[in-house]
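With the sequences and hints as input, model every part of the structure.
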Amino acid sequence: MILTVEHVTTYLYDAPVRGVVQSHRLTPSVFEGQRVLDWRIAVPGAVAGDGFRDGAGDWVQGCSLRGPVTEVTVAVTGQVETMDLAGVLRGHREIVPPDAYLRDTPATDPDAALSDLGQMAVAGARDPLDAAHRLSAAVADAIAYRPGATHAHTTAAEALAKGEGVCQDHAQALIAAARSTGRPARYVSGYLFASGDGTPHEAAHAWAELHVPGLGWVGFDPANRCCPDERYIRLGSGFDARDAAPIRGTARGGADERLEVALAIQSVQQ
Amino acid sequence: MAPAVFNEMYDGGKVRPPYRQLEDWTADMPAALRSLKQKEAEALFRRIGITFAVYGEGGDPDRLIPFDMFPRVFTAAEWTRLERGIKQRARALNAFLMDVYGRGEIVRAGRIPGRLVYRNEAYEKAVAGFVPPRGVYSHIVGIDLVRTGPDEFFVLEDNCRTPSGVSYMLENREIMMRMFPALFQENRIAPVDSYPDLLRRTLTSVAPAKCDRDPTIAILTPGHFNSAYYEHSFLADLMGVELVEGQDLFVEGGLVYMRTTQGPQRVDVIYRRIDDAFLDPLCFRPDSALGVPGLMDAYRSGGVTICSAPGAGVADDKAIYTYVPEMIRFYLGEAPILQNVPTWQCGRDEDLGHVLDNLPELVVKEVHGSGGYGMLVGPKSTREQIAAFADRIKANPSNYIAQPTLALSTVPTFVDEGVAPRHVDLRPYCLVGERVELVPGGLTRVALTEGSLVVNSSQGGGVKDTWVLAE
Numbered sequence: 001m002i003l004t005v006e007h008v009t010t011y012l013y014d015a016p017v018r019g020v021v022q023s024h025r026l027t028p029s030v031f032e033g034q035r036v037l038d039w040r041i042a043v044p045g046a047v048a049g050d051g052f053r054d055g056a057g058d059w060v061q062g063c064s065l066r067g068p069v070t071e072v073t074v075a076v077t078g079q080v081e082t083m084d085l086a087g088v089l090r091g092h093r094e095i096v097p098p099d100a101y102l103r104d105t106p107a108t109d110p111d112a113a114l115s116d117l118g119q120m121a122v123a124g125a126r127d128p129l130d131a132a133h134r135l136s137a138a139v140a141d142a143i144a145y146r147p148g149a150t151h152a153h154t155t156a157a158e159a160l161a162k163g164e165g166v167c168q169d170h171a172q173a174l175i176a177a178a179r180s181t182g183r184p185a186r187y188v189s190g191y192l193f194a195s196g197d198g199t200p201h202e203a204a205h206a207w208a209e210l211h212v213p214g215l216g217w218v219g220f221d222p223a224n225r226c227c228p229d230e231r232y233i234r235l236g237s238g239f240d241a242r243d244a245a246p247i248r249g250t251a252r253g254g255a256d257e258r259l260e261v262a263l264a265i266q267s268v269q270q
Numbered sequence: 271m272a273p274a275v276f277n278e279m280y281d282g283g284k285v286r287p288p289y290r291q292l293e294d295w296t297a298d299m300p301a302a303l304r305s306l307k308q309k310e311a312e313a314l315f316r317r318i319g320i321t322f323a324v325y326g327e328g329g330d331p332d333r334l335i336p337f338d339m340f341p342r343v344f345t346a347a348e349w350t351r352l353e354r355g356i357k358q359r360a361r362a363l364n365a366f367l368m369d370v371y372g373r374g375e376i377v378r379a380g381r382i383p384g385r386l387v388y389r390n391e392a393y394e395k396a397v398a399g400f401v402p403p404r405g406v407y408s409h410i411v412g413i414d415l416v417r418t419g420p421d422e423f424f425v426l427e428d429n430c431r432t433p434s435g436v437s438y439m440l441e442n443r444e445i446m447m448r449m450f451p452a453l454f455q456e457n458r459i460a461p462v463d464s465y466p467d468l469l470r471r472t473l474t475s476v477a478p479a480k481c482d483r484d485p486t487i488a489i490l491t492p493g494h495f496n497s498a499y500y501e502h503s504f505l506a507d508l509m510g511v512e513l514v515e516g517q518d519l520f521v522e523g524g525l526v527y528m529r530t531t532q533g534p535q536r537v538d539v540i541y542r543r544i545d546d547a548f549l550d551p552l553c554f555r556p557d558s559a560l561g562v563p564g565l566m567d568a569y570r571s572g573g574v575t576i577c578s579a580p581g582a583g584v585a586d587d588k589a590i591y592t593y594v595p596e597m598i599r600f601y602l603g604e605a606p607i608l609q610n611v612p613t614w615q616c617g618r619d620e621d622l623g624h625v626l627d628n629l630p631e632l633v634v635k636e637v638h639g640s641g642g643y644g645m646l647v648g649p650k651s652t653r654e655q656i657a658a659f660a661d662r663i664k665a666n667p668s669n670y671i672a673q674p675t676l677a678l679s680t681v682p683t684f685v686d687e688g689v690a691p692r693h694v695d696l697r698p699y700c701l702v703g704e705r706v707e708l709v710p711g712g713l714t715r716v717a718l719t720e721g722s723l724v725v726n727s728s729q730g731g732g733v734k735d736t737w738v739l740a741e
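Residue numbers (the numbering used here), protein chains in the order written: chain L, 1 to 270; chain D, 271 to 741.
Hints listed in this document are in silico derivations from the structure and should not be mistaken for laboratory results.
Check the hints yourself; a few may be wrong.
Pairs of lysine to any residue residues, derived as SDA-like cross-links and limited to a Cα-Cα distance of at most 25 Å, are as follows [as the list claims (entries may be wrong)]:
1. D:K480 with L:F52
2. D:K480 with L:G55
3. D:K588 with L:P98
4. D:K480 with L:L102
5. D:K588 with L:L102
The model shown is predicted, which means the values in this text are computed figures rather than measured ones.
Listed below in structure tokens is the structure:
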């Protein structure tokens, strides 16, 4: 499948700020499931830093704007050819060992309910892959998709207690439950092409990867009850949503920041 | 049974050779002069403003740490061996860091359990795969040593992040030379005042590849509220480099600049005295106001060198410490020159039995404990306390390690009644850059309370000048 991405993020400040610095993880990962045909990131007025590939395999690039600034636009346009690998992250080069992803963060700290959910899910699993599928299904059952029920800082434990959330909550809950059973797990940010079949979706999407012995990292998307396929574009990973954020930034000066996002993912007919 | 304590000055009734001159010096010093000199020393320390707590021990930051005028002395031969051992350890720790942020051979070889490394909070995923200039991660390695006999030295812990206290080493010497110039004429004492030059040379030698001129070095401090601020400004002065706070720096185009009255000036090497978590809000704690946004991107794309490297702390963890001798064998193919304090892991069945059988002679600590909590000091505990602690160990063995109670050596120390032996430790500061360097000396801490083994300044510890005699 060939997917085109147009993703414009605009930061608006209610008063001029003295400068803005950002760190981007906005470039598709390199693995057998996707191939970049064209990809551009434009930040008008910004000075770009030198990009590099980090130990998790993500392409990271910084940029900065000197003030006064009232608006910053990050415009991503590109085209990616994707393939369905049933979620398996085949051919992805990275140096961080899976064990590093056993560490909890405040957002993915498993409380008793998450640990219980994890234990119950893996009980009776035939093999590690089956256990991972069961964990993902258990999270999907426990947290209903409902936009607006949670916010950016909602933790996995809070989302589970509430029983509602969005893809970020599903991913973080799955990570917490998986880690509590001793399985390395991480947060993945990316894009999803919504095929219009009525499944809940968010074009700026997030899911989880669990490390399955023998297979390596395998993606699971509890929000859509599936493994990432050719509709998904993978950008980067981290311990949790904050760590995997495609854009991390900060402004000098005390202005309030407002965010506008315009995103369109389309499939190119072949 | 208390083990014999090694007195560094007196071997039975005989004075050990390095202390011979000092015997006459104290014998000739009238009590009135001594008390005058002690007051003079305190006044000097106050005037310099060196009043911070060593090693971030907390407590009153403006409190003066007691300075004891009686020097601690090593012979050239003793020092040569220590120096080799310290440099060896510093090289192995750096090799370990390069390995665990690279292919992790030592873990693959089964010599260190992966979980101790990769699940460690000090392991920074963000720097995996990035090799800093010259492959050096810990540029200043502080190694805490204790002595139990003429040739017996043990490493208590390694400090690979930002070990503090070196300003005491320099100031103690400075003040001794000012007050007792004759001592330095009669004894051939190796100087330590080259430390700032060596540190500067070390930092210069790890400039990033993108730096094509004489590198600009800056010391990054959390600010004057930090207990070691004095040391930060002292070292910046002595090296002739800038002392900056996070807000003085900014990142642009993958490089780091310092705001100056003449406009932005590029900074190539940052000797940071702030913790990893606060270095860059875009990479670590987003609420940090002490760091520099974008610094980690500049670092990882080769625009600036950060000393010590973010993530260096994974080498000096309590759980990793046990494996340092293994690192020396694995990376250097050498036998460790300095020994670790023997440590039993109660989680290992073969160790647990030994620990339970010998509790009255051991110190037992919680693996993740600190500050002396959850600890058993066998020789100072009652039979009931020991029995109760044994139950706690049995309930969760892997939570405990045990070590023998070490008989720390003593050095004569001025006390109210005259001169008396007091227990000491030693922290030398090893520099790692293009070369591995060590000035002949370090910081000697002394437990001023009689019989006490606790040298921490928060618990009545003081400091001494540390001499290494020339051949």
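Legend entry - Hints not upheld, ascending by number: Structure breaks hint 4 only.
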